[in-house]
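> Use these hints to put chain B onto chain A, whose structure you have.
Number of protein chains: 2
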Amino acid sequence: MGAPDVPFLAAARGEPAAHTPVWFMRQAGRSLPEYRAVRGEGSILHAIKQPELAAEITLQPWRRHGVDAAVLYSDIVVPAHAVGFGIDVAPGTGPVAEQPFRSAGDLDRLRPLEPGDIGYVTDTVALVAAELPAHVPVLAFAGAPFTVASYLVEGRPSRDYVHTKALIHGEPTLWRALMERLADSAVAFISAQLGAGARAFQLFDSWAGALSPADYAEFVLPYSRHVFGRLAELHPGVPGIHYGVACDHLLELMHAAGPQVIGLDWRTSIAAARQRLGADVAVQGNLDPALVLAGADVALAGARRVLADNAGHPAHIFNLGHGVNPQTDPGVLTEVTALVHELTGRS
Amino acid sequence: MGAPDVPFLAAARGEPAAHTPVWFMRQAGRSLPEYRAVRGEGSILHAIKQPELAAEITLQPWRRHGVDAAVLYSDIVVPAHAVGFGIDVAPGTGPVAEQPFRSAGDLDRLRPLEPGDIGYVTDTVALVAAELPAHVPVLAFAGAPFTVASYLVEGRPSRDYVHTKALIHGEPTLWRALMERLADSAVAFISAQLGAGARAFQLFDSWAGALSPADYAEFVLPYSRHVFGRLAELHPGVPGIHYGVACDHLLELMHAAGPQVIGLDWRTSIAAARQRLGADVAVQGNLDPALVLAGADVALAGARRVLADNAGHPAHIFNLGHGVNPQTDPGVLTEVTALVHELTGRS
Chain A
1 MGAPDVPFLA AARGEPAAHT PVWFMRQAGR SLPEYRAVRG EGSILHAIKQ PELAAEITLQ
61 PWRRHGVDAA VLYSDIVVPA HAVGFGIDVA PGTGPVAEQP FRSAGDLDRL RPLEPGDIGY
121 VTDTVALVAA ELPAHVPVLA FAGAPFTVAS YLVEGRPSRD YVHTKALIHG EPTLWRALME
181 RLADSAVAFI SAQLGAGARA FQLFDSWAGA LSPADYAEFV LPYSRHVFGR LAELHPGVPG
241 IHYGVACDHL LELMHAAGPQ VIGLDWRTSI AAARQRLGAD VAVQGNLDPA LVLAGADVAL
301 AGARRVLADN AGHPAHIFNL GHGVNPQTDP GVLTEVTALV HELTGRS
Chain B
348 MGAPDVPFLA AARGEPAAHT PVWFMRQAGR SLPEYRAVRG EGSILHAIKQ PELAAEITLQ
408 PWRRHGVDAA VLYSDIVVPA HAVGFGIDVA PGTGPVAEQP FRSAGDLDRL RPLEPGDIGY
468 VTDTVALVAA ELPAHVPVLA FAGAPFTVAS YLVEGRPSRD YVHTKALIHG EPTLWRALME
528 RLADSAVAFI SAQLGAGARA FQLFDSWAGA LSPADYAEFV LPYSRHVFGR LAELHPGVPG
588 IHYGVACDHL LELMHAAGPQ VIGLDWRTSI AAARQRLGAD VAVQGNLDPA LVLAGADVAL
648 AGARRVLADN AGHPAHIFNL GHGVNPQTDP GVLTEVTALV HELTGRS
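So the sequence lines, in the order shown, correspond to chains A and B. So the first sequence is numbered by our numbering: it starts at 1 and just counts up by one. So the second sequence is numbered by our numbering: it starts at 348 and just counts up by one.
This is chain A alone, in the form it adopts within the complex (with noise of 0.2 Å):
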C-alpha cells in the first residue's frame, strides 16, 4: 500500500497524510484499566513471554484511543535478559541486575542475541499484526547501547550514572567492547521485530541526556550510529526514530546517528528543531504528560501549542515528549488523539 493510506509512515516520510498521526510513548500499560484487569502481577519480562496476553495489552491503546500505531508492549532490557546476564525489572523500581557489568569478564555474560532467543517477542508481533487493520503500523523498539549499558553497569535506575561514567573515562577500551555488542544486540532484536511485520521502529536512548556533547560524541554516537546504519541495510525504507529525555542539548548529534524521525521532549520546541536540523526534518513529540495528568482543559490546551509549534509540517508524528504517568486518566489521552485527528484531518 502506500504510504498516504498510512499516516505514520506517511508523516515519518514527509508526505501529507490523512491526519497527523498519533502515538503515545508507553501508551500500553498501567494507565489503562483493561491492562490492569490482564496483567497479573510480577516482572514485566513474565508478561512480556506470553505472546496472546503481550499481544492483548499491545492492542489495548489501538482500540480505546484510536492511535494510528501499536507499540510492541515490551522492554528495553528484553535481549540482555533472553541472553542470561542476569537482569530483571522489579515493579516499582525497574530495572535490576544482582550482579552488575564491572569488568572484562561480564562480556561473557553478554553473548549475540539469536532469534531464538526472543521467539515470544516475534510471536507477538506476529499475532499483533495480524489483528491490525493495514493503516496502523507495529511499532518495533529497542533500547539504545548508551541506555541498556546504563542499567547494565549501574544495576539498577540511576540519577548520577556514576558508575556508567566511572567505566568510560577509566576503562574506555571496556567500554567500547561493550557498546559494540549492545549494539549488535539491538539491531538484532529490531530486525527480528521487523521480520515478524513491524513496519517502523523506535530506539530509546532515554539517558543519554546525562552526558556532554563531547562524551555523547565520542563515546556514544558511534554505536547508535552503527544501529541506524545496519537496519537501513537489513531494511532499507523502514523508518527509524531516536528518542531521549532532556537531549536539547545532543539534537544534532543524535539526529546524525541516522534516524528518520527526531523523537522531542517539551524541552525542545518543534520549530527550534527544524530550525537546527533542517526545514524538512521529520519530527515525533512533543506534549508533556505532566499538562495530561492535570486534565482534559490544560491538555486539550497543551496539543494545542504542539500543533501551533509544528505549524501544519506533514512530517509530524503526535506523541507525548515522554512516557504515560500510570495515574493517567485515559479518557483524556483519547480527547488529545480525537483532537488532533480532528484539527489536522485533510479529507
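Read the hints as simulated data drawn from the structure, not as lab findings. Just to be clear, a hint being listed does not mean it is correct.
[Stated by the list, open to error] Covered stretches of chain A (chain B as the covering partner; in silico rule of three or more C-beta atoms under 8 Å from a C-beta of chain B):
#: 1; stretch: 159 to 168
#: 2; stretch: 211 to 220
[Stated by the list, open to error] Residues on chain B that point at chain A, a partial pick, calculated with CB under 7 Å:
#: 3; residue: G517
#: 4; residue: D595
#: 5; residue: A637
[To be verified] Some chain B residues near chain A, calculated using beta-carbon distances under 7 Å:
#: 6; residue: Y467
#: 7; residue: R506
#: 8; residue: D507
#: 9; residue: V509
#: 10; residue: A513
#: 11; residue: H516
#: 12; residue: T520
#: 13; residue: S559
#: 14; residue: A593
#: 15; residue: R614
#: 16; residue: L640
#: 17; residue: A641
#: 18; residue: V645
Even for Gly, the Cβ is constructed at its ideal location relative to N, Cα and C.
Showing chain B alone in chain A's frame:
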C-alpha cells in the same frame, strides 16, 4: 581591597587573578568526616539555626581544600520555613510540606520575610566573614522563585512537577502571585546575607530545566529577573551567579535574567556558552561530580578538560556542574583544587 586580590571577585568581573578561583557546590556537608562529627541528627533546618555550628560547617571545606569562597551552610527552603509556611527538610528525602501550596488561601502562609525571621542566618554570615581572610569571600545564596515554588507546590521532591505545571497552566494568575512573593523573599534573604558580610551570591534555579523555553520565558524569567534587578539596585557591584541543572536549553533565557556569572553543568561546554552568550561572559563550572566519584585519576583528567574548555579566559570560576555527592572522597576534591590552582597560577 581591589578585585585582583580576591580571585573569586576578580573572575566574576572578568579580571585577571592570581589563579582561577575554585569552590564546590554543596562543599559544606556530608562528604566531610569533620562535618559528620559535628552535625548531629535531625533536619538541616535545626543545624542552620545554631550560628556557631553553621559557621563551623561553612568554614570546614575552606580549611580542608583551600577553596576560594565559603558558601553559606543553609538551605533554599529557609525563608519559607522562617515565615511559617510549614516546610521542613526530611533527612534522606529533602524538603517536605505537609500541606502543599495548592490554592489562593495558601498565599497567607507566605508573608514577607523580615530580617528578624532569619537572625540566625545573618549571625552565621557575620561569624564566617570574621574568620575568613580578606581574599576569601562568603557567598550568599537563595533558591530561585521557580525551584522554591516547586517544593511548596509538590510538597516533596519531584521528578515530573505535575502539580507545579498544573498550577502554571491551570491557574496562571495564582502562579504569578506565588512567584511575586517568592521573588521578594529571595531578594530579602540574599540582601540580608550581603548586609551581614557576604560579598557575592548564587541564585539556585536547580529544577528550572524541567520547563520548556516558552514556559520559562513566560512564567519564570520575569521573577528571576526581578531578583537580580532589585539586588543590583540594593547592592551595586556585588556579583550574582545564576545556576540550574540540565538547563542548556534555557541558557540564553537564564542569562537574560541579569546575573554577572552563569553557572553551567557539564552538559554545556564553556566554549559553547561563550559562543552563545558573548565571548566575555563570566562562567562558573562545570566538572561532572560523577567523575569526582570515580577517583583521582578520572577526576583530575576531567578538571584538565574543563580548563582546556575555558582556554585560559579570566572570567572563569571553577566548580562542579552540580553539588558534591555525599559519597565523594574529599581528598579528591583537595587534589582538584590544588591542580586548578597550579595550572592557572599567574604568580
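> The structure should be examined with respect to each hint, and the outcome stated for every one.
The hints, checked one at a time:
1. For the stretch 159 to 168 of chain A, the assignment as covered by chain B holds, since 5 residues bring a beta-carbon within under 8 Å of that chain's beta-carbons and 3 suffice.
2. With 4 residues carrying a beta carbon less than 8 Å from a beta carbon of chain B, the stretch 211 to 220 of chain A meets the three-residue requirement, and the given coverage holds.
3. With a least beta-carbon distance of about 5 Å to chain A, the hint placing G517 of chain B at the interface is held under the 7 Å criterion.
4. Evaluation of the D595 of chain B hint against chain A yields a held restraint, the C-beta minimum of about 4 Å falling below 7 Å.
5. The beta carbon of A637 of chain B comes within 4 Å of a beta carbon in chain A, closer than 7 Å, and the hint placing it at the interface holds.
6. Because the beta carbon of Y467 of chain B sits about 32 Å from the nearest beta carbon in chain A, more than 7 Å, this interface hint is broken.
7. Checking R506 of chain B against chain A by beta carbon gives a least distance of about 9 Å; that is not within 7 Å, so the hint is violated.
8. Proximity of D507 of chain B to chain A holds as hinted, the smallest CB-CB distance being about 5 Å (cut-off 7 Å).
9. Annotation: interface hint on V509 of chain B holds; nearest CB of chain A at approximately 5 Å, less than 7 Å.
10. A least Cβ separation of about 4 Å between A513 of chain B and chain A falls short of the 7 Å threshold, and the interface hint therefore holds.
11. Among the interface hints, the one on H516 of chain B holds; its C-beta lies about 5 Å from the nearest C-beta in chain A, closer than the 7 Å criterion.
12. The closest approach between the C-beta of T520 of chain B and any C-beta of chain A is roughly 15 Å, which is over the 7 Å cut-off, so the hint fails.
13. Contact between S559 of chain B and chain A, as hinted, is supported at the beta carbon level, the nearest pair being about 5 Å apart and thus within 7 Å.
14. Against a cut-off of 7 Å between C-beta atoms, the interface hint on A593 of chain B holds, since the closest Cβ of chain A lies about 6 Å away.
15. Because the beta carbon of R614 of chain B sits about 5 Å from the nearest beta carbon in chain A, less than 7 Å, this interface hint is met.
16. A cut of 7 Å between beta carbons decides the hint on L640 of chain B: the least distance to chain A is about 5 Å, and the hint holds.
17. Below 7 Å, beta-carbon pairs count as interface contacts, and A641 of chain B has one with chain A at about 4 Å; its hint therefore holds.
18. Below 7 Å, beta-carbon pairs count as interface contacts, and V645 of chain B has one with chain A at about 5 Å; its hint therefore holds.
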